[in-house]
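Using the hints, build the complex out of the two chains.
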Amino acid sequence: MKKTLAMVLVGGRGTRLERITLHTAKPAVSFGGKYKLIDFVLSNLTNSGIGKVGIITQYEPYELMNYIEHGSTWDLDVNDGGISFLTPYTTIDGDQWQKGTAHAIMQHFRYIEHHKPEDVLILGGDHIYKMNYNDMIKHHQKNNADLTIATFTPNEDLSRFGIINADENDFVTSFEEKPKDPKSTTASMGIYVFKTDVLKTLVTMNIDQNFDFGKDIIPLALKKGMRVVRYHFDGYFRDVGTVESLYEEHMNLLDNPQYLKLHDYQNLPIFTKSSNLPPHHIAKRTLVRNSMISDGCIIHGEVKHSILSSKVVVKNKAKIEDCVVFSNVKIGENAIIKKAIIMDDSVILANTELIFEKVTVIDNDYLWKLGEQDGQNIRRR
Amino acid sequence: MITYGSWVSKMGRIFAVVDATFKENLDQLTLHRMPGALPFAGKFRLIDFTLSNIRNSDITNVAIFPYGNYRSLQDHIGSGKRWDLDRRTDGLFILPPKNLYIIPGESITFQRMYEHIEYFKRSTQEYVVVTAANIVWNIQFEQVLDYHLKKAADITEILYENIRLKTYILSKQLLLEYIETYDTLEYRTIADVVKNAPNLKRAIYRHSGYTRTITDAFNFLKSNLDMLSFSNGRQVFREDRPVYSKEKTAPPAKYLSNAYLENALVSAGSIIDGTLINTIIGRDVIIKKGAIIRNSFIMSNSVIEEDAFIDYAILDKQTVVKKKTVITGTLTSPYVSQKEQIVTNFERMRVLIVASESYPFIKTGGLADVTGALARNLVRKGVDTTVILPLYKKIKDDFDESLKRERARTIMFDDKTYKIKLFSYVYKKVNFYFIESFDFFDQVEIYGFDNDPDRFGFFNKAVVDILDYFDDFDIIHLHDWHTAMIPILLDNSPYKGMKTLLTIHNIDYQGKTSSSLINKLGIENFIFRSEEINMLEIGINTATKLSTVSPTYREELKFEYFGKNLTYSLLTRDRDFYGILNGISSKLSPEIDKSIHTNYDRDTLDLKLENKRFLQREMDLEVNDEAFVMGMVTRIVEHKGFDLVIHMLERVLKDHPDIQFVLLGSGDERYIGELRKIEKRYPAQIRLNIGYDSTTPNYIYAGADVFLMPSRFEPCGLGQMIALAYGTLPIVRKTGGLNDTVENYDPLTRKGNGFVFENYDVNEFTNAVFEAYLAYKKHPDHFLVLKRRAMKEDFSLKKSTQRYIELYRAIIEL
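Same order as they appear, the protein sequences are chains A and B.
Under our numbering, the residues of the first sequence are numbered 1 to 381, in order.
Under our numbering, the residues of the second sequence are numbered 1 to 814, in order.
Keep in mind the hints are simulated off the structure, nothing from the lab.
Hints should not be assumed to be uniformly reliable.
[Claimed, not checked] Straight-line alpha carbon distances no greater than 30 Å define the calculated DSS-like cross-link-like pairs of lysine-lysine that follow:
| # | chain 1 | residue 1 | chain 2 | residue 2 |
| --- | --- | --- | --- | --- |
| 1 | B | Lys248 | A | Lys273 |
| 2 | A | Lys319 | B | Lys323 |
| 3 | A | Lys315 | B | Lys339 |
| 4 | A | Lys261 | B | Lys323 |
| 5 | B | Lys339 | A | Lys261 |
Pulled out of the complex, with its shape left as it was, chain B reads as follows (with noise of 0.2 Å):
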């Protein structure tokens, strides 16, 4: 006889949530696919695991809540078949986003379960494990549905070692609760409710098998390597719990007469001649005579040319890579391809960047600082790098008598005939060049003007015509608006098809004016949709490739919050975007900075607090080693978070006196009228440096106990960057930049760099503060943690030129 008992039991006690909502930092790897879709050990996708385990665990129901552009991911996927998941009842649901207007988090939302609510009403088994899509691991989910009611849990958090995994189970009833009251619910997510949740019973069941988040590109390719040694890749691939993947045909591995391998794991399909150390190659890859490869990860349908040499690298899908090419990379930060790249040896790869300003020559803002050190990382790095500016009437005045005189031009502008001159300055090997034009580059300030977009219009124009002076670029590099009609300039010229990448550092500022202008310029054939052209949008709709500051700042334009007006150009150029994060000089550093007090290293932290009685006796604050010192460097502007900071201000300094707080900045005199009042108020713990001076600003990074920058948006940020590398801990709102570099302190794993908070909040971010100051005060030990590891991290510029040579590599090579 059938009971019905018998019954539920082989339906399951589990249904399963995959969670595949986030993106995490892979860059170009996840640019047209999913973490979960990426390939790992040579023919599996890294969902293959997650779902591998949901089968061996006997569940039958399964969502996937997937991300943006999962055509890869379905693809894979299919019906679920492999998994065994093509059933009458339950089987495998992929349920994407019905609010294309939510900015993906680090993990799914209620909200998010919300959308689609039927699913998890209809879903007939008692619990649920919410798990992730981007682990590699081995686990049988019944066992802990076991431990979880053995615990007579609410929640059990599955945990590896120190690694928090994103996988919980507790029952589909407690769910619901949380996703049918998303809207007036305190807590987003699950992970939110673990961490914050009074009188919720949770338990943590320890997972002991080989485990690995991918989370970047160093540990998808140590983690690829791991692979290699039998005692991690046996517990993975284990003969009881097998790991299935979509089904392929292909023959098996040919190895020819000039074979040579050191331990490498090689898919079907792949034709070897050539020598594998270290390596794992994907299906259908081809490995030619003399060629070496160590230490990297080959993915599929890649050919590797004769006496080629690949150390350290992650070769997406169809990349060639060319006869006698030397690819270089680290563990740390590995060579990445991208899909269909081809890759070549360079004798010397040729670079122009326009800007409208650079260091040391011109200075406004940030811009300037990164166009100048872009340049000379790059001349480091061996590419021959021209930069070309305005002479506007500040570096004539300073640097009048070194300037080379080059030649004399008259430029087309407005069907008149302007004069220009050509001047050069060698600097740190870097080649300037000046644009002098009395016309419209004379004055002292550099921006500011009506006829901005005419003036710039006219430096555009300028540049493409005297591009016949120089050897030909491989590559033009542009800044924001003040160079964006270049890549349509180019296009009527002599000059069509050479290669562009227009950076966008803010979107703010976008060069709106008269379409008269394209007249001026001489284009021909444009087709007008208004009075007004836009000359960022140009740029956007006309470059080869866009980038922007960071990665996070990427994926935020594609939200008009962030993108505004030109969120839909951007969106079509989805595939064509990146997000760079920008680093900051090695010189910025408390074990060699001359400008602080005290120098210090990871290892005598001890000595930052000589530099933090410094900054309090300079600061005429009361010297106390105990205080709790806030620290901030900034313009003092609507959307680095003055708002948030007076609120916060008025509400922690009060029944705290031992927190203390300095600012150096300049800006908005409504702000900084508020501050002055609460300095009033509270004379002993606040002193406002008013005046922004960028050049003493290191003894408040060397100072200070926390730094913060609550921001409303932040492209990339150079400030909590600066403050990492000071171990002074940053507080920061999840955006932009300040989202791919610091990350949130979890007091159980002991994890994190800094402290984040999500919302734009007055409450959310008095709570990150009070956070950091109980961290301080209670965790002194789990403090000095959090600062060791911030001062670890590696956001130099050095990285970033990397990332920018192998952007300017992939788009020459299109």
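Isolated chain A (complex conformation) (with noise of 0.2 Å):
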């Protein structure tokens, strides 16, 4: 779709993944051993063939930065657009710091007018889906529609989502931002396709109350009589805001084979930053099952039930089992962890035992903590 243009929003933080995003933007989160949240969309773009594409960020942007370099892990590198990171930035009129995700793209609007685009796609850095935007461009293009979102039925609580109640022609009538009681069972993906000129109208309208898409632009849209159309998505779709719905969509990953279809390279394939390692070492005689494991690790002990992404050292007679380990984390002799989320660089020391029941981030400043206090759940032998 050479006439699209897509933005992408990777400002937010994501504050229920705590301690996770404590450095780092949530689209720049691992996930899956090898990728990062950001992977899925970008890679989604380049299969659809958009090749013009705005990243706006705002919190802590700089490991995504390093991360996307040029785009050309996606083929992203072209002559003719390509990847243009879109950084908040001062004016004669004071700073702007972005107030929403509306008021971000007002605030880049230069950006998409240079491009003259006939329509723009909106989406967010950190959702995880396989999805060819062009079926939607072209739902939006045959229904001669002002705004299109795409949807999904998400499988827990609806309060979280923006509900989407439609006509059979697939014509928005309502949309309730995080209802107490919803009254339907399709939800807004976060997901949008804009005419140009729609886009403009909405987003400069009173630009000191519509900062946001969910909260304020689709209502003002919906008020105004505009054709709001609905594009109903059936893949898997989900959005990671907390600790538990992340390492839950890993354990995903191991139990059921069709999620994601990682190893579907012909359909939608998603790619991502090759790290320069060589292939993971099995060392002598261990036990490794049900387990996804990266280039680049050395494993002496046993692995179960876990996902471990690069450089990851597992020393002899240790054992991890439920857990999800980010890259280069060192695991001692003999040390015993079940049901954690590792983070990148922790370094566990030998005979360390972390036994929890609710699922647990682990990070060096909870290391060195435990060390100081040894708590509960900390025996060394």
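Rendered as structure tokens:
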């Protein structure tokens, strides 16, 4: 879709991810051993042939910018368009700190106008899904919509989402943001296609009040009687907003072979920047079951039902079970860890025993404090 | 302020020339790719090591000189971005050959570099490192340059332990001098210069980290498996000097609930539910439940199905191993699959060999030995083997009573009906069948008639017509032009689609005849291009796969000098063309050979001296332990190099009375006459035993010090293999099977098992003889090392039979 420009909002911190997003934006959070959440949206874009992408950053952008670079991993380093990082800036009128999703788009409207797209595709950078956006854009154009909202059917608490009601022709009749008593089961994915001029009209109207797409812009469009259309997406779609849901999605990768189909390279492959590492090495006689292991790992101990990112070292007789281990973690001899998310670069000393009932995030700060107080869960032998 | 000097140093002092011009003996692994493009340690390619070393040495100007099919290499390297080589200034250059008629040698020649002399002239760096694309190592070339400068050397060669790595550092200016004068220079390669040039200041830099050059399937598998040991892996995959490879996306490897592992390297994207022991797994491999894989390298996208068992194998990309299939190789001779092969278990493979001659029934030359020995060894390996031959008069006379009469038939040929009778004889569990035809095969001589093409055309037709008499064969193995019409006849029969392998033993004999033969055979829809047809050419165009008798000869046949009028046909079938070296019988061993004077083995080589004395006595030469005895057992014909032999003898015998020469053979009177003249002049040094008697040449193999084979061409050659087995060092020309079996002596590393010269040239041959003579006189310790190594070589029939079985399987599993 040559005439479509994508704007990806990657500014959110994702506070409910606790220590996981302490120093990084949510789209830069690791997923499935090798991926970062941002890989999904960028791969979807390149798989949909959309080559003009503005990435709007705010919270802790460094890691993300460093990761995306010129976008060559996703073949987005092209002459015409490609990836542009759009950062908050100051003007003669003072700071332009983003006050919401729509406000962020408004700030960078000069970028949009520069590319003169017919339609603008607005995306979040932190969802897990494989989708061809062209189907949605075609749906948008076929219905001559002013605005199209992608929807899905969540299998969890509906009150966390924006709930969409639509008629049989997919025209949206009402929209409720995080309702207590939802009237339908289809929720907004936070993915929108706007006609460019419609988008401009909406985001520049009452710029002191309309900051957010969900809260402000969609109700405004409905109120103004615009053609608001729904596009229903049947595939897998997950917003990993909490530590628990992030953990659960990882376990899903292990337990459900059909989930995400990461091995399917023909149909919407997910690209990720490849680390330059040798294959992982399972050393002498050990048990590795129901797990995923990334390049550069060296495994002497036991790994059960866990996902290991790159360069993880598991020493002799160490045991990890039901864990998600981020990259460059060292797990010492005889250590036993169960049901934890272990953050990058953590060093777990020999003989540490950490067995949790409820999934717990472990990082070096946590381990340091544990060492100081020798807390309930830790036992040295 | 930026000074010119600092700018220069930023550009680096070195540019790199990557020599990927040679092919090495990697058989089907390099059939469709160059050695540099071979996968290694799961996700890497061999050339990644060289390119990463270059990058880690801050070298930004690189030229790769590829050989032949470099598509997969180009595909892998791309713009060189992965190694920081996509640059404005300098960068990566792939410089293909301009002259396609140069046969690839062991290393890049100055002539090859001259084709791209502009590159060398334009490069601004002062020094050049010339290195190869098939080395697994991690080295910093800047350090080598510092050493080179410290030693004030002209050329510095890099060695690992005792292994030459085809890697040199020298100044661009010196290299340019060699390149520009390549046509008058007596050295072809840098290796020649280093070895032979006088007044050259050479230095040797000894590299200490893990290093291997990948030259055959054995050391390819071995060095892959070496990466399973941390102490080795750490020396190659260093944190400070990483190895870069092409980016590819694959999810992490996944282990299911039946996985069991013991020392394995597993690449991304694989799904493991079986057992892996000492094994390397490439990207996106699927190992199903119950499969057991040991000591193997499974390349990317392969699938190993349930309960398969694999030991010591190299499975090329996209190989599928079916349920319960058992594959076993050994470390020295691993099983090698072909790309996209589907491997299944055979209940019992049924092979039909069709040939014009086969030992022990009828023999005029080497072909009979090969077909007879192959059949016997196939049976030993559990293959159900049948051989069909014409019933020549000689066979009838020799075996008449014992031949079992099977059935009579009529065959349509030239619109007439001919009667044939089928006879059989089981010899060493091989089922031999003979086709009797009084009209075509009732002569004493088996070849040499004007109607030979008709005779063998009829034979081919008869073979296809009687196939219904047998249970179906899995494959028909054909030999030379005498059987080359069988594939096209099969296409015109109910057996269309039956798999065939046509082996070319000698391209000189092709079976040219009138195109009327096509009509006589009843072949329809044949497109005639001229009045004449060429039976071998038709076979080449129609057989399922082709092979010849050595990997080097296979390469040579792509050039008109060797391939003659069939070069084009062979080139178009390049992807279906294999080179499999013949082997010699395990009975040819000085340990057990009853026909030699004293038995000996590698550890009792001093007893070989007894055989030398016996040879000198038998031949009526002076019995002298110090004498240097050269032996030859051969047909005396032009292509065996007799022009060279005669002139060489003139030069060496005169001033070296301790050089002796014995020859057993028969053939061309012209050469025999010349040789007789020399014999008259040096009666004490030369003895000719004219009248070829193949039953008793072994006393020469056992008694001589060196064995001469200066052939102009040699598809395979057996003499040099026998000589090696008897610890007699061969002096050979670098051609065909001689190139695949004899490795030149290197005084520096004491490597080699004989003496090799390059061009069909009296000077080069004489120099090789003198080199051997000097080694014999001055370095008896080296000479002994070479002899021991020669006797250790394994050119057994067992090995070549195994290769044929693997090829049959690959063809059947197409």
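Taking the hints in turn, this is what the structure says about them:
For a cut-off of 30 Å, the pair hint linking lysine 248(B) to lysine 273(A) stands: about 9 Å separates their Cα positions. Of the supplied pair hints, the one linking lysine 319(A) and lysine 323(B) is violated, its CA atoms being roughly 33 Å apart against a limit of 30 Å. Distance hint between lysine 315(A) and lysine 339(B) is unfulfilled; the C-alpha atoms sit about 37 Å from each other, more than 30 Å. In summary, the hint linking lysine 261(A) to lysine 323(B) is supported, as the alpha carbons are separated by about 25 Å, within the 30 Å threshold.
At most 30 Å may separate the alpha-carbon atoms for a hinted pair to count; lysine 339(B) and lysine 261(A) meet this at roughly 26 Å.
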